[in-house]
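K.L.:
Residues 766 to 897 (our numbering) make up the sequence shown, in order.
Honestly, the hints are just simulated from the structure, not real lab data.
Worth double-checking, as some hints may not be accurate.
What the hints assert, rightly or not - Below, in silico cross-link-like pairs of lysine-lysine (DSS-like), each with a Cα-Cα straight-line distance of 25 Å or less:
(1) Lys836 / Lys871
(2) Lys871 / Lys837
(3) Lys836 / Lys892
Being a predicted model, the structure only gives us computed values, none of them experimental.
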Amino acid sequence: MVIRITKWTIRMLPLVYIITIWLQSSLFNPQTIDAKPQLGTILELGHFILFGILYVLIYLAWLTYGTMTWKKEVVIIVFTLLCALGDELHQYYVPYRSASAVDMVKNGVGILVAWFAIRIISKIRVKSNLNI
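Construct the entire structure; sequences and hints are all you get.
P.N.:
And the structure:
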């Protein structure tokens with residue numbers, strides 16, 4: 766069985782992912798989590814990972830429209846940061862949650878790491894295509 770991913774599927778993934786982040790952040794209740802020391806670290810890494818993944822999904826969706834330029838990358842970074850800011854503001858109003866500048870920094874670092882990883886992968890692909 767072959768699964769065919771269409772351009773529209775790739776374009777819809779960021780929206781579905783944003784909705785999933787929004788829903789996940791509004792359903793948190795600390796009473797549902799047993800106290801485990803390593804859990805705090807995992808939850809803190811969530812900021813870093815979630816918005817890095819969102820950046821990659823938006824980047825891939827934008828590629829379905831054509832080639833990527835520096836300006837488009839900046840737009841994607843700004844849009845992803847705005848999504849992160851929106852989620853932090855949303856968490857401010859959710860019981861048991863809070864918004865913080867530290868969380869925004871973690872979100873931003875995750876986005877920049879994803880951006881940097883894509884840049885490195887792109888350069889490696891270009892070099893391998895040129896046989897350098």
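K.L.:
It remains to establish, for every hint, whether it holds in the given structure.
P.N.:
Hints, verified against the model:
no., hint, verdict
1, Lys836 / Lys871, "holds, 23 Å"
2, Lys871 / Lys837, "holds, 23 Å"
3, Lys836 / Lys892, "holds, 23 Å"
Consistency note: the structure conflicts with none of the earlier hints.
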